[in-house]
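Chains as they are written, first to last, in the working numbering: chain A, 15 to 437; chain B, 9 to 615; chain C, 92 to 180; chain D, 92 to 180.
The set of hints was computed from the structure by calculation and includes no laboratory data.
The model shown is predicted, which means the values in this text are computed figures rather than measured ones.
Glycine residues also receive a C-beta, built at the ideal position from the N, C-alpha and C atoms.
Among the clues, some could well be false.
Chain B side only, calculated, beta carbon under 10 Å to chain C, not exhaustive [unchecked claim]: (1) 502; (2) 504; (3) 570; (4) 572; (5) 574; (6) 593; (7) 597; (8) 601; (9) 603.
The following label-pair restraints were derived from C-beta to C-beta distances [unchecked claim]: (10) A:229 <-> C:135: 35 to 43 Å; (11) A:308 <-> B:83: 39 to 47 Å; (12) B:196 <-> A:330: 30 to 38 Å.
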Amino acid sequence: PSPPGQDPHGWRVPVDCVRANELCAAEPSCSSRYRTLRQCLAGRDRNTMLANKECQAALEVLQESPLYDCRCKRGMKKELQCLQIYWSIHLGLTEGEEFYEASPYEPVTSRLSDIFRLASIFSGMDPATNSKSNHCLDAAKACNLNDNCKRLRSGYISTCSKEISATEHCSRRRCHKALRQFFDRVPSEYTYRLLFCSCKDQACAERRRQTIVPSCSYEDKEKPNCLDLRNTCRTDHLCRSRLADFHTNCQASFQSLTSCPGDNYQACLGSYAGLIAGFDMTPNYVDASPTSITISPWCSCKGSGNMEEECEKFLHDFTENPCLRNAIQAFGNGTDVNLSPKNPSPPITLPPKTEKSPALPDDINDSNTMYDTSVITTCTSVQEHGPKLNKSREQSLCYSETQLTTDIMPDQKTFVDQKAGGS
Amino acid sequence: GLYFPRKEYSENVYIDQPAGTPLLRIHALRDSRGEATHFHLCQNLIVSRARSHENHWFQIREKTGLLYLSKSLDREDFNMLSVGSWMPLSKVMLYVFLSSHPFQEKECDSAMRTTVFLSLINATAPACSSLTARQLCFTEMDLSFHIKENKPPGTFHQLQLPSVHHLCQNLSISYKLLAAEGMPFRYNENTTGVSVTQRLDREERERYELIAKCTVREGFREMQVEVPFLVNVLDEDDSPPFLPNGTDTADAVVEFNRKEGTVLATLTVYDADTTPIYPLESSRKKYTGTIITDDPWISETFRVEHIFDEIHFSPNGSQVRGTQHEYKLVLNKSISVTEHRSFQLDVLVNDTEFHGPERSVMLHFNVSILPVSIQFPNMTYQFTVNRNAERFAQIGKICIENCMKFRGVNITYKLLSPNVSCYPVSILQGREDRWGSVYVNDSSVLRRPECKEIQYTIQATDKQSRKHTKTLLTVVLEGTLLKKEEDCPDSCAVSKHQAECEECGGLGVLTGRCQWRQGSGKGITTNYSTCTPSIKTCPDGTCDVIESKDAAVCPQDCTSGNIIGGHGKGIGNLGIKSGHGICYCFPRQNCYCEKDDIKEQLCDDVC
Amino acid sequence: EVSVSELGLGYESDETVLFRYCSGTCEAAVRSYDLSLKSMRSRRRIKKEKVRARPCCRPLAYDDDVSFLDAYNRYYTVNELSAKECGCV
Amino acid sequence: EVSVSELGLGYESDETVLFRYCSGTCEAAVRSYDLSLKSMRSRRRIKKEKVRARPCCRPLAYDDDVSFLDAYNRYYTVNELSAKECGCV
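The following block holds chain A by itself, in its conformation from the complex:
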């Protein structure tokens, strides 16, 4: 067996940066060097750092510490703290502004096919089989039937479509925050279906485009320059990380069959959804064309001067990215590349049926309800699939529950005192 923290090849098994920071803090030589390195990098002048012996010594020690290779997980607890630690080291060590930055997140091992299976279990409907229907509408229906998805979807829609004043169409900051909560807390079986549903007609494609309420979360009065947008994103650790993750998992690569690094569509779609989670960098479909998928952040390369090439390269990573397009189409068609993954993804343990037992019993086969099955015929508090009541002979009972507190209605005479009322 290999020493702790190392795998059989002698490589250090990466830990998350919060844990790595704790390990380093517990070890005097490491913690002092880390403090030194932060002071060296604080000056922002990387060259003076390289020339300074003390900084060099600190760097060498830290290269051997878990901090050097540490990474983070999307949606983990203390994700932002983890990312701050990651960038506190890596911001200083990179040679200035790189076009593609390495993702601070751990690689995604799950695959699209896992999502399809979970999607069909949760919603009882295979996302791609019924080709006739409007898949995006089906996705909205599936979400509306899941309490968690419905609540968080309504959360961001009501926030993003609420007009603040004549001049302020909506609160973009609150809208982004609500969107981030939706994508971080709702399983991708639901969010992907809303985002990447495949369409055969314009109505469906427009519904797909409207998923993130673009009038508030995406569009703006003017289009900034894309390099300006990237620069703003890179000043925010979370946005910078999600952009780096997108580049790492969606950058088109000619070496792979699918144009995606490691042929992993799920990794690309996950990092794309991670970018939507509430930044000005939020990308979206640019039109409602059912046939061609064109995605772009809200920016243009107008006014790039001599950096037009770099700007267009950045923009093309969204608008003309074969990996992203293939990944979206693959999800929409319910297909995944059946490559035996190098390290087989861990067996999927189906989550316990998390759906809260419906507060009101669903009388599925209530004969006299002309209407739909989920309508409740007994006025009773929540009963878990109680015995079948014989409707004809004994009327269903309605007994009271905890009180509803209601404000007193002003036009209501609350107390009609018998004496005052006068008989």
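Put chains B, C and D on the given structure of chain A with help from the hints.
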């Protein structure tokens, strides 16, 4: 100085390729004739995650820029270099530096550099026969280069792949550069080098699209492949500012709009050079616009705002980016209604980065500030009021001459109390309103027979100059008193049907009775049916100053409470912009919008 | 106040108790639930008869229990007799 | 599940939402209050017409808000639409 025609290069490196294998040819272009070029690899090999590693495997020829394997890469080297990378292939980075004299180590950071991405592939190099024409002819990197304008000619790329040429000697690989007539590029058959043959002028053309065509012959087999070959021309500030159609003068008249921030006039200056909008601050400093004056009043009262935008010029058919600079003369503070003067205001526009002659242009604004009078049109006001009107009934609007044109002039209206005890109306003014709204403030006075015709004096005052003016307002009471209906709600909005609506009064009614607005249209529409004190003012999408005095006057415009049933909220979440069927409200509580087509009694109160 | 006998519960006692009840319309407490239920009921989408598509005015809390000595010198206690708080539910 | 258009609120959308309603009798929830009120009203001791002497079967809690995209690509949010918990009040 010297510069690279690309920001980055990329090439694949396989395991066990012999030492000496050429990988990649890097070129440099000169800033001035005769400059010597020296290539150098500084520092280490950057592996993933900013981890660096000493470079034992790669070297570059100082003179020719040929990057080659100085030591073969075996499997162990590959594993060591791909630590921390979970991808099947590992990418390492090298920085190639450029200097016009032989290198000293410390120069590594200051010199010009380009990045080489080497994909280390965990397999031996494929046999030539297994490579496609595409792989034999071109690498994966796009053939896209940038050349600075106004610089001497030179070779900037070699089409032939050094590693393929080294390995596949038995194949005949030839290239052609397909280009339109007269393009300033030449292809050398022997060296497969591509060179720019003359100094380029970006303001003439900034983008050249050629095609690189490759032919691979093996015995009788011949394969051809074509890829785009793009050249972008980098801009230098080599053009002075100029006036689009020679106009350097504009009139700036200040009359009714005297508000701070008002744009009085705009003059445009063009520049054939580009001005990047990123990073914004540095670009904005490139072009300055200064008011030339020593009069402190002018410096305080006016400012110049400069915005620039990318435009396109089309010299000889091709499209070239340039810049349009707009200089706006703006009021820096509100001007008093009494101010009255005329003068010429000059603005000096300067292109700070252009070092040739005529780097600046003078703009002239003929400014004339006209006084404006605060007076009522020569008339008096007379409003008739129905004796059945209720409180908050809107009687009419008071406005001085040109009041709707005024901006930045704060006129307040006041009713001076009449000499009689009848005092039924008052005046109110919203924060943004330029008029005064006369409304019934005490409806009990309307019912008194002795009050028939009441005369008020209206005074309008300009806050800043304290100038004021007066006129007369006569309020004539008319109409016979109607019987007050029992148990009518105090708000018209409560009524759900036309009958109950029109038989009741409510706050804000003009004639003692509410008015029924019959809507039309299907679904959720702005033209919903509702009961209102006055169809003219409610609902009109605005919660005006009088309606906002009491929630019962016009909840359709002012409610911020729950609206139940199909609806769309108004601006700022106030009021009912659109509704389904009939909308009615219980003031200070909920509003409802529902179709009224359900007659069936559903388990009423006592069942 | 009412005498216990007048409550109509069958007790006979001259003692008096406080009796408060709720009354009034609940039009301003209608919810989307009620509008939809009313609409679907009217279009025979729901056939249930015992369905209420309008809030009702009811006690939300009751006064404390009340005890009294009846005409035959026996003590009785009655709970949830008088409304302490009303509302539309 | 009901389609939003079928709710009868005026919205036009093919999205479906969960609509749960309460129905059933409340005979077992009658209190002393109700008996006394019924008795006094029958004996004209209380003249109020808008008085209810029987519990009614009503929602005690509502499901979360639901949002949807309508046929004109506008988003709407409706609250207190579907009953989450019923009871006799």
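Hints versus structure:
no.	hint	verdict
1	502	holds (9 Å)
2	504	holds (9 Å)
3	570	holds (9 Å)
4	572	holds (5 Å)
5	574	holds (9 Å)
6	593	holds (9 Å)
7	597	holds (4 Å)
8	601	holds (9 Å)
9	603	holds (8 Å)
10	A:229 <-> C:135: 35 to 43 Å	holds (39 Å)
11	A:308 <-> B:83: 39 to 47 Å	holds (43 Å)
12	B:196 <-> A:330: 30 to 38 Å	holds (31 Å)
Figure legend: structure checked against the earlier numbered hints; every hint is met.
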